[in-house]
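Participant: Residue numbers (this note's numbering), protein chains in the order written: chain W, 243 to 698; chain R, 243 to 698.
Keep in mind the hints are simulated off the structure, nothing from the lab.
Just so you know, same-sequence chains aren't split out, so a pair can sit in one copy or run between any two.
Within a straight-line C-alpha distance of at most 25 angstroms, the following computed SDA-like cross-link-like pairs (lysine to any residue) qualify:
#	residue 1	residue 2
1	K663	M509
2	K299	N311
3	K662	E496
4	K517	Q591
5	K407	L443
6	K513	N311
7	K466	T446
8	K289	D596
9	K466	I273
10	K401	E435
11	K299	T284
12	K249	P598
13	K407	N447
14	K466	Y308
15	K401	A434
One letter stands for each residue in the lines below.
Number of protein chains: 2
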Amino acid sequence: MTLDFDKMKERLDALLDAQRHGQMRGALMMINEVDIAEYMQTLDREKLLTVFRILPKDISSDVFSYMDNDQRQLLIECIGDAEIAKLVDDMFIDDAVDFLEELPAGVVKRVLQNTDVKRRNLINQFLRYPENSAGSIMTIEYCEFRQGITVAQVMSEIKRTGIDKETIYTLYIIDDQRHLVGTVPLRRVIMAEDDILIDDLMETNVIAVSTMDDQETVADTVRKYDFLSMPVVDKEHRLVGIITADDVMDVIEEENTEDFEKMAALMPSDKVYLKTSPFRLAISRIPWLLILMVSAMFTGALITHFEGLLSSSAIGIILTSCIPMMMDTGGNCGSQASTLAIRGMALGQIEFRDLPRVLWKEFRVSLLVGFILALVNFGRLMLFGGANMTTKVAFVVSLSMFLTVMFAKVIGASLPMLAKKVKLDPALMASPLITTIVDACSLTILFNISAKLLTF
Amino acid sequence: MTLDFDKMKERLDALLDAQRHGQMRGALMMINEVDIAEYMQTLDREKLLTVFRILPKDISSDVFSYMDNDQRQLLIECIGDAEIAKLVDDMFIDDAVDFLEELPAGVVKRVLQNTDVKRRNLINQFLRYPENSAGSIMTIEYCEFRQGITVAQVMSEIKRTGIDKETIYTLYIIDDQRHLVGTVPLRRVIMAEDDILIDDLMETNVIAVSTMDDQETVADTVRKYDFLSMPVVDKEHRLVGIITADDVMDVIEEENTEDFEKMAALMPSDKVYLKTSPFRLAISRIPWLLILMVSAMFTGALITHFEGLLSSSAIGIILTSCIPMMMDTGGNCGSQASTLAIRGMALGQIEFRDLPRVLWKEFRVSLLVGFILALVNFGRLMLFGGANMTTKVAFVVSLSMFLTVMFAKVIGASLPMLAKKVKLDPALMASPLITTIVDACSLTILFNISAKLLTF
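Produce the entire structure from the sequences given, and follow the hints as far as they go.
Facilitator: Right, dumping it as structure tokens:
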């Protein structure tokens, strides 16, 4: 059903090697642009250029949009500035800006010198929007109409100019000052009689984002309202662009990747793993590792502090051997709770005002979870705890386990919510940080309870 | 720009309390269905029913589709079976199936008895598709046309029936046996002359999913090709449904949530956190906690094994106090690598055949990261290590740290990839499991090197 990439590649390679360029062009016309781009990723510089020249001109800028940056760079090194400028002219403005953002400044300048003045100014304006803002990902190839025109006028205008629009399926209605006053799904226009005014069809309850809004806001809003495209307005509520659903899907995955990375103590990067140098990867990993390593030393200091208790007796060794289990279980309980809180907030299902409800829920969950884990642990210690194990020691360790679970759940759930309240990214309060905090607490609980209840 | 929910709620509540039902209906007509549904979530049973009765009939099934399950259940308890059946009739088939899936079997039966035979059979057929399969999330309200008709015929058919379709923006062309032979974007039809054959406009390079494909496959394909809707075919490649982009966005978030949950040692659940009982939450957390707790006991056994080394001397206490740092750092290094591998595979950027490249990259990254961490650790031990610290001990601990980092990175990156190879879910090879494995290894490294190089 979906395409067999390897088979396709084999056939195209054969045509390319045999220099059957006519047949090659025919074959390429039968393949989706996305797949052509994927095929071109596999080619070396020389073949890449050959295939690019063979490509039907009307799809070459589409294919170029779908190629990844390294391959695009490789290609533009082989073709002239004028040809690059032609490509940039043919691309939708959002794709063109995406592409130019990754190029060295010198190349961008040369490329822009070859595009026409109007487009150059436009691109420059787009390049000034902050990264990940709605402005930086929007496109200007949308259908806008003034109030007061008829369905017939709209349809004839779409027939005339629709080919250059990124989408024609939602029409945007503006007033004389270019304020966005309504939206009309194309479907409604098609169903309507020719002489109906567009004003009578439009949805006046306009939902739009601002150029400076974060792309995450855009994604959340599009997902909430099931839009095919989202209008973008400036501070004066004038329509300046739209963002289409396909771009929103990429934003959703990008934002999720960022959360996954933060939750694994990585500095977020929008580079593809296999294309990132080991040096850059190391740079993105070291900061949090260092911070967490230094924090873990405090947990170590706890052990030194309880040195007398731990090194002097058989019970000391039992307690020491429980350290990994206490640390790991506490950490796991904490990350479960923090993951649910972080994800709940990311999906808009949990707000800061829910904190008491969340804490109350985690409290009850931790009673259950803590009891089961403590019970299993008690049984295990009594059965396999060795010659020096006593009921009392097993009880103390299990009690510590129970309290650690309770503590970890409450801390794990509340820290991400508090972080959000003080405008920190909740995703930073994930497994690694929670684990480090809970580690110290779990050992404090274990050692203190032991010191109180056991005689060494 | 986007809606101020609290202000809207306040106004609607006031109208509702004053029993101004006419004004209320007018107000509701100005609000997006999604927001009406959100407003209705906040109401109690009695008010919910009142607002539902006030709602203009043509949007009530839309609003109902956007409400969450608990609130829908509350509502259908108050209205008659015939009215429920009417709702189900008005909903798109995919929304209706979604809704019915959550109802008790008895209610479903009663509801279906009130819908017409054709629709009942259809719904029953949909209810049989496996959960999360393409079949279970598709809809049948799409635009299909036989080969050989003209643009004018297509447009007049769309005008006649388009109102009942979930999307009209991609048209699906079938042959006499209902095989999917092509797709046409509506845009191309609008641009074309009236007497052109649809066959001349269609894309014959059809990309489709099968009813039994997993929804993740659907999401990946839609995202790859930037489709507005994805055709679904049966085993004989006959067109049976489509899946629209807005549903795909929900699938993407659902699949990401599942990965987040698995990566935090939670059993995946598609329930909203705040609506899940503590008992159910505990059930979803306990299995992995138990497995990991038992595994952590092996790490504890290691400590018991090296008891002589640890409890007998000042160096023993230094080593014991390094346990948390070794465990945490090893675990963090491992989860960084595993997260990148898991995410890379989820986004299709890493395949099993890349394993050697990934290992080689992680090897180089870990050299850098390990060196930096070992260096910082060495400095810390020499400066703040206390009276009993010697260069040799600091060196041994730092060397162990270096080796732990290398080991953790390689294990962390390769386990998820191996899991995928043997058809296990890579997301299970995330932080918690990797941490437990790396813990045992890091202490083995530390104790063994110490036993060899140090004299106690």
